[in-house]
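Protein chains: 4
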Amino acid sequence: MNVGFIGLGQMGKAIAGNLIAAGHRLRLWNRTPGAAESLVREGAQLAEQPAGVLEGAQVLMTMLADDDAERAVLIEQHVLERAPRDLIHVNLATVSVGFAHELARRHAEKGLSYVAAPVFGRPEVAQKAKLNVVVAGEREAIRQVQPLFAAIAERVWPVGDEPERANAVKLAGNFMIASALETMGEALALARGYGVAAQDFLQILTSTLFAAPVYQIYGQLIAEERYAPASFRLQLGFKDVRLALQAAEAVHAPLPFASVLRDHFLEAIAAGEADEDWAALARLAQRRAGLGRSKR
Amino acid sequence: MNVGFIGLGQMGKAIAGNLIAAGHRLRLWNRTPGAAESLVREGAQLAEQPAGVLEGAQVLMTMLADDDAERAVLIEQHVLERAPRDLIHVNLATVSVGFAHELARRHAEKGLSYVAAPVFGRPEVAQKAKLNVVVAGEREAIRQVQPLFAAIAERVWPVGDEPERANAVKLAGNFMIASALETMGEALALARGYGVAAQDFLQILTSTLFAAPVYQIYGQLIAEERYAPASFRLQLGFKDVRLALQAAEAVHAPLPFASVLRDHFLEAIAAGEADEDWAALARLAQRRAGLGRSKR
Amino acid sequence: MNVGFIGLGQMGKAIAGNLIAAGHRLRLWNRTPGAAESLVREGAQLAEQPAGVLEGAQVLMTMLADDDAERAVLIEQHVLERAPRDLIHVNLATVSVGFAHELARRHAEKGLSYVAAPVFGRPEVAQKAKLNVVVAGEREAIRQVQPLFAAIAERVWPVGDEPERANAVKLAGNFMIASALETMGEALALARGYGVAAQDFLQILTSTLFAAPVYQIYGQLIAEERYAPASFRLQLGFKDVRLALQAAEAVHAPLPFASVLRDHFLEAIAAGEADEDWAALARLAQRRAGLGRSKR
Amino acid sequence: MNVGFIGLGQMGKAIAGNLIAAGHRLRLWNRTPGAAESLVREGAQLAEQPAGVLEGAQVLMTMLADDDAERAVLIEQHVLERAPRDLIHVNLATVSVGFAHELARRHAEKGLSYVAAPVFGRPEVAQKAKLNVVVAGEREAIRQVQPLFAAIAERVWPVGDEPERANAVKLAGNFMIASALETMGEALALARGYGVAAQDFLQILTSTLFAAPVYQIYGQLIAEERYAPASFRLQLGFKDVRLALQAAEAVHAPLPFASVLRDHFLEAIAAGEADEDWAALARLAQRRAGLGRSKR
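Residue numbers (the working numbering), protein chains in the order written: chain A, 3 to 298; chain B, 3 to 298; chain C, 3 to 298; chain D, 3 to 298.
Don't take every hint at face value.
If several chains are the same, the list does not tell them apart, and a pair holds so long as it fits within one copy or across any two.
Claimed, not checked - Calculated pairs, DMTMM-like style, for lysine to aspartate or glutamate (alpha carbon to alpha carbon, straight line, at most 25 angstroms):
| # | residue 1 | residue 2 |
| --- | --- | --- |
| 1 | K241 | E104 |
| 2 | K241 | E50 |
| 3 | K130 | D163 |
| 4 | K132 | D202 |
None of these hints come from the bench; they were simulated from the model.
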């Protein structure tokens, strides 16, 4: 398919690469054009303006950092305004449910199709085309873009017509990951207090009851105290937990764990740790108990 | 081996059954002797007093509900006092680290070997001899009782010499499970607030990032709102989170998530839900958001 | 002085009444003009449009519910745009620090003076001209409006030049009140659990260590379980705790108590209690412990 | 009256001094006898054993640090056992409700009268004979010891027959103080984040809505960052919040604020601050926000 693709961070670049590899034709735009170089060598076109990616496009795909970045490109730089009538916009970004709602309305007003398609998976998973994509939007539009999902995802999870539903699931999922990080940190503070090595403790739990990717991948980082470079920055984790709280607030759902997480993220940010991996939440839990680095 | 076995609740009965099936010779005692019937038919002997199980025993195995039950049998009913000098006591129960410490001292004073061996696994896992056993104590004693572990466990995880370490790991692990229950409950409150079905939401997460036994087994109970009969009663979950907090307190480790859990357990108990499965924590999280039963 | 006054809720009406009584000349506007009737009888003029209050005004005073209401009047209905160059705007409302910051900038651009002057005190305190006013802004502007403060306040508390400081103090203060409500609720849940009457318990504490207006006034409401009609609606308390959290977030300050409060407000709102007095937080704390209404 | 008095810490000494000054005859015992010197000069007798204070005593008064200290003296050192039949024991200490219950039973078995009389007030308040005494026990016994209360208290607050009620009130009250400390700390973290001086902020609030002794006395310590020497050690504050949680647990009352406090106390203790004044909780709240000492 002909795809306009905007947003070439770690995730976007990996996804665009897989789309090209699967034979789709991409026109790219990124705020800093250098990120596009290798993709251009693989055959993609580079647009000079965001709206330039729309030329000949059947589908617009966006993968930007947050509401502000999406708003800047789609609205302030007129991408939606200039979009052709039959375009399908597939939004892979993790945006707020409030903005998801606003986007759905704006697309409807323009006669455009809007598909919310936030993804689960770190950059290395994106690279292997093994993402899990949560999808919501018009059934027919979703059907048409299946070839794109096929090129990037292990599996696609449809959750209904209203786009914001996919965002709610994504935010709830990211909250669950943050919750697992904090849980491991606190459990470690307890176990280490009795002289159990971090490595041993996490191996027992993540080989048995908690033998799931989230616990295994992050358990490894935590046991090795390897918080930099970040695959997912603590600052972004904070953003997502705030969005989860905000989405929950709109439906009057208290999330006591998310509230605790928000406080801990803020404490870590105040301590200058915003750019480390969000797994560093677990270090904070240990620091509160007066525990420094593990002995090896 | 010749084993004296005390404590025939759901877990104890399953474990004792597997020991007999593996050819070990058991003398049993239980507060209510009816529980021993089927095991006696399989060849076990029934003692009339707790200390009666010591007759000819190489190993004493106990699987009682809590510190009080262990104390009643071991100390008040004189089991330790009457134990032969070379006996190895393998304690499978989840006791407090304080009591673990006291037991270690009492055994040492008597010249008895003490092995703390708390287990991870619900009754159906015990039945299949697939428990995970966390073990701490004298190396030689642990070596000698391997045949017993072989008959009941998928894997044995040694964590050092001081028995209390195994209890710290067990309590930290149970805290992690309770944390996962609360996390699922809160995430569901958010997702359901946007009309996503509980079943759909939990399937997405527990098939992907959270594809671990704890999330899958409990996710199923939560999605189906099947909280009775309990495999593990909420009251017992409360006990374990309290023990985790108490163990952490002794090493000055704050556990903010465990504190939230403690409050939620109390709220559920005040609401008359102590005898339901501890997965019912997830219902409470949804009730706080004004959500009743899911539509099917 | 000649004062344009916008916003005649319970608080605004009481304040405007005292200004008139002190001899100031008021031009009023309110979304629902009925609220102005009694004040017009006392000599105030009624404007037909918000900007109409500016006619001949030396000072503009606003007392609106929140950021949105302030924005609607000041910006969307062009009040700031039409304000004469030497006007001093005294903003009594509890707005976010973010909006306080924006307003300061907008006034500076127009050459207007902006004084943030949020007040502490319930409507009955406003009526008695006994408010405490926290003030921040240009020193000279503050000096000029002293006659107005004299007519409504027991005392004026200057906290510096940047207007947002006054808002930070106000939000921190309202957080402290909410915190006192929750504290009384939890303490009562404990005391009542042992059969101590709510009335007795609160009298002991609020006559001694906690002999302060906040504890005495709200302690009375809580002891009598008198949550309607509301002097300050729970929904508004929620708004203010959210604004406190948001203001604290901008300076990376975690507020764990405020996070707990936010969750409890949401739970009360989900239970349909948004329009009761915010003291109803204390009922929720008791309900969690399974306690119903007190016996008298 | 003839009074046997045990426990001469800061509080006990001040109370004993006032009893002597009012003409009562005291026989004293303290673990470290040096503490009794000045009181002996004022006319008190010194016993060599705890039970020695009973000689000729109509009333036994105890003011010890905690359950363990009370148990050591009353039970292990046989004071209760040797008490004459018509003795009234007035226990001023802050003990757990569980131990209060046990003591009530033990006294009843011996035919002794037991009056729980925990006090509110710091050492300087005790010195001035301005304590508030919360009293529970048999009406007739309470009536008889009024002359003693008259010598030490500003006011006596009876709360019923069951002694544990007085302890529940005392623990609930101490929880309220700890809650006020944390609240001030968090509010300050917010206000200071916007450049408001600690001194200014606390003066505004504690002169107005929060004009109560607890806020004024501790507000002063917090504004001046004067946490040593301690009037009431953080470690003891922790003990009392734990006792409040434990008492509440027995009646199934969740106390979310107390849970947060418990975690913060532990964090402070892990940081080596156990011996500072418990007002240091407020410093921790500011430290979490990355704030160091205030500028003066």
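Quick rundown of the hints versus the structure:
1. K241 <-> E104: both (19 angstroms within a copy, 23 angstroms between copies)
2. K241 <-> E50: neither (30 angstroms within a copy, 44 angstroms between copies)
3. K130 <-> D163: neither (29 angstroms within a copy, 44 angstroms between copies)
4. K132 <-> D202: between (29 angstroms within a copy, 20 angstroms between copies)
Violated hints, in rising order: 2, 3; the structure is consistent with all others.
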